[in-house]
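**Student:** Work out the full structure, taking the sequences as your base and the hints as a guide.
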Amino acid sequence: MSFLGGLGTCSPPYLQSKEAEKRFKHISRFKIEKSIIKIIEKVDYIVLMTEWSEFRDFDWSSITKEISILDTKNFLNSDNLPKNIKYYSV
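Numbered per this note's numbering, the sequence shown finishes at 490, counting up by one with no gaps.
Simulated from the structure, these hints should not be mistaken for lab results. For each residue, glycine too, the CB sits at the ideal point set by N, CA and C. A portion of the hints provided could be inaccurate.
What the hints assert, rightly or not - Pairwise CB distance ranges (calculated):
1. 477 x 426: 32 to 40 angstroms
2. 419 x 458: 25 to 33 angstroms
3. 459 x 422: 26 to 34 angstroms
4. 426 x 466: 26 to 34 angstroms
As the list claims (entries may be wrong) - Taking lysine-lysine and the DSS-like style, the derived pairs with C-alpha atoms no more than 30 angstroms apart in a straight line are:
5. 465 x 483
6. 422 x 442
7. 438 x 425
8. 486 x 465
9. 418 x 438
10. 434 x 465
11. 442 x 483
12. 473 x 438
13. 434 x 418
14. 434 x 483
15. 442 x 473
**Tutor:** This is the structure in structure tokens:
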């Protein structure tokens, strides 16, 4: 799976294709990554607009930097997130 990072966003699965990579290549503020960790290293906040298991099952305790998460689907359990993650749900 690939992820589109920048401005705190992540991508749908179609970004795995070479065609999709070409479409987003000209947008300098967005980067396609295959790892959630690589995206988190580059951003200060994440906007989750999906209920993908990749995010639900991700080991958020592995994140040591301060980061904010806006969970638009309200599917993460904020009680399981470490203190360095500020969690907001809609």
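**Student:** Sort out which numbered hints this structure fails and list those numbers smallest first.
**Tutor:** No hint contradicted; all consistent.
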